[in-house]
Structures are given as C-alpha cells and as structure tokens.
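Asker: Under UniProt numbering, the letters of the sequence shown match residues 1 to 379, in that order.
Fair warning: there could be bad hints in the mix.
As the list claims (entries may be wrong) - Cβ pair distances, simulated, as ranges: (1) R71 / R164: 40 to 46 Å; (2) G306 / E126: 26 to 32 Å; (3) R34 / S354: 38 to 44 Å; (4) A242 / V183: 44 to 50 Å; (5) E298 / S373: 49 to 55 Å; (6) G291 / V246: 22 to 28 Å; (7) D182 / G108: 36 to 42 Å; (8) S78 / P304: 40 to 46 Å.
These are computed hints drawn from the structure, not numbers from a lab. Built from N, CA and C at the ideal position, the CB exists for glycine as well.
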Amino acid sequence: MGEAGRQRAVRAADAGRRQRMTRIAIAGTGNIARIHAESLRALADPVELVAAADIEPERVREFCAAHGVPRAYPDLSSMLAEARPDLVHLCTPPGGHHAQALECLRAGASVLVEKPPTRGLRELEELAAAQGASGPWLATVFQHRFGSGAARLTGAMRDGALGRPLLAICHTTWFRDQSYFDVPWRGRWDTEGGGPTMGHGIHQLDLLTAVLGDWVEVSAHARRQARRTQTEDLSLAHVSFANGAVASVVNSVVSPREESYLRFDFERATVELTHLYGYGDDDWRVTPVPGFEQSVAEAWEAGPSGRASGHGAQFAEVVRCLRAGVAPPVGTDGALRTMRLVAGVYASAFEGRSVRCAELGPDSPFYERMDGSGARWAW
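Input sequences plus hints: build the corresponding full structure.
Answerer: What follows is the structure, given as structure tokens:
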C-alpha cells in the first residue's frame, strides 16, 4: 500500500474507530523506556500500557510503579504469553533486537524497535520476512521524520517549489566520554552493531534518506581517534543518490561542541536544520534564491507546523495505523534503506574503496555484520 492509500485507511479508521484501546507493552526498562512511557501517556489518542519486562527485577518494578504500568515481568516470553499486547516497544540493547522482535512477531504482536533495529542487514531482512501481509508488523523508531519541519520540506519538494536537490550536508557531531563506552555492551560489534555511524548519526542519516531517497554509491573513512572501543568513534562519507544529489556525512562522538546539522541545497533554495537531539519549527531556516522568495515562502508556509520531532509524533502515527489495520511507519523497507547506507559506510571504510548499494547483498561480508570480515583501521 502506498502512502496515500495508507493515509486514506487511517482516516477511515479514525472515523469509525474501534472502542478497545491499543494494548502496548515495553521490553527493557532503561532510560529510553522512560521516554517511551511518558510519550505514550501524553498521546491525545489514549492507549493502554499493560505491561513491562526486564531481566532486572528491581528496575522493572520501579519502572512500573513510576509510570502506572500494572504488570511487571522478568522476561519477554512470559509477558507475551500473559499480557498479549497488540504492540511491543523494544527498548533493549541492540544485540537482542533480532531475537526479541522475531519472538514478538511469532506471538502475533507488532513491534516498534529502538534504533538500530538490528545489528546487520540479514537480521533485518529476516524480520521483514516474518511479518504478515496484514500484520503483525515491525517498525523502527526514527522520529525525526515526523516533525512538522520534515513534513514541510518533503511537501515543498513534492510540489516542485524547491527545484532539484543538488547537495546535502548531514553532520552528527556529538560527544561521549570514555565512561559512556565502559558500559559492557557499548562500543562492540557483537552487541551494539557499530559506533556512532550506527548508534548516533543514524537518526540524521535516516532523515537524509527519507528526503533524498535511494542512494547509489558511498566512499567513506572510519577511525578510532580517542575512545577505547572495538568500533569507530567517527566516520566521514560522500554519498551519491539516484536523483543526482550528493551528500557529505559526518558521524562523531568526539566533538565537544555538540550539534546535529542537515543542509539541503536545491535549485531554488537552501533548507537548513540545526538542533541536537530533537527539533522544532524554529530550528529550520530557508534561504531562497533571488527571484524565488515568494514561491518558496508560500510553499514552506503551506505545510504543517507546531509538531516537534519527539517520540510522541511517531508513536501517534503508529497507533493510528495499527487501529486502521495498515502497516505503521517506518517499516522494514525504509529502515533497510538507511541500514544499507550504514553498512555501505563501513564497507567502504574497511575495504578502502567506493561501495555501491547493490553490492550489499548476501554475498557481502557486510550483510551479516557491520564490520564485515573485520575492521581495518586507517590511522
């Protein structure tokens, strides 16, 4: 089903909504789970938060007490069997996502998984194949697609007001000290799947691909400049897109002045976004080419406003889609395009050559793991 058809189905379901609220459970009750619970409680369209699971008994009990969750479980399996949720929010470390999501899908529960959805492309394609035609489905938390600024940008592009995309900049320059990586599962290929290219810059990379579409080729470098990790602590890449646009990408966790920055240069305007972990309308800036001021301004103002890029914006759309009986955004197709770009950055960096998207199939060592046959660091 295309986007227009999905939206029609959602609107139809809104008009004749079932009385039963969507039953949601949370697996993993660390810090990101708190954001999930608070965002779910704040939804205008109420949901029923029925259960939470965690292997740490005290942590899950405290979480349930703090967020009014009625039932705590010591593991995912017992929660699925007894609570029977419609949707499970996976807030566990990345190393467990594949097996946990597969268990949820096989139990008939749809899944909303935190980024990265899996450690590699094979795992994500297996989850795509495990979905049903009419559910259950898997979606990934890529909330930056859902702020009103992103909707304004894609709407103005679709209407032709900006002209062709020519150049993009996608920089995630963040800072994490060594103690951040001393958590046992961080900075490791087998548990986290990658470094800042995979775990930090992936949000900006996803918005980049959501705007510019399919990518064709990438040339990249990755380094360990300052952190004691198995993975990189920064990467740089040049990316070519099918529509002719090119992009410069930086992912870093060694940058003391933190910033998330995206810039799109079109034929008729530059559109910029500067923020850190989430944006609002005021974080966008549009600079028209002389002579196109009015048409660009009108197209930009015609879009929606007032919606920040927080988790709640995506959660609301996921719930609406599930109630309409259609696949929620961002599904496996969208997540795979972004994950293939992540894999392409690593493949290019470690093999010392440009890599085309079409190369990243089952025959590639980077299909299974993001470090392929092993990281080859270029000091």
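Asker: Could you run down the list of hints and mark each one as holding or not?
Answerer: Hint by hint, here is what the structure shows:
In this structure the hint that R71 and R164 lie 40 to 46 Å apart at CB is violated, the actual value being about 53 Å. Look at G306 against E126: about 39 Å separates their beta carbons, and that is not inside 26 to 32 Å. Roughly 42 Å separates the CB atoms of R34 and S354, a value that falls within the hinted 38 to 44 Å. Hint check: A242 to V183, Cβ distance near 38 Å, so the stated range 44 to 50 Å is violated.
Judged by the Cβ atoms, the range 49 to 55 Å given for E298 and S373 holds: they are separated by roughly 53 Å. The supplied range of 22 to 28 Å is met by G291 and V246, whose beta-carbon atoms lie about 25 Å from each other. Taking 36 to 42 Å as the suggested C-beta distance range, the pair D182 and G108 conforms, at roughly 39 Å. Against the hinted window of 40 to 46 Å, the Cβ-Cβ separation of S78 and P304 comes to about 42 Å, which satisfies the hint.
The structure fails to meet hints 1, 2 and 4 from the earlier list, while all remaining hints are met.
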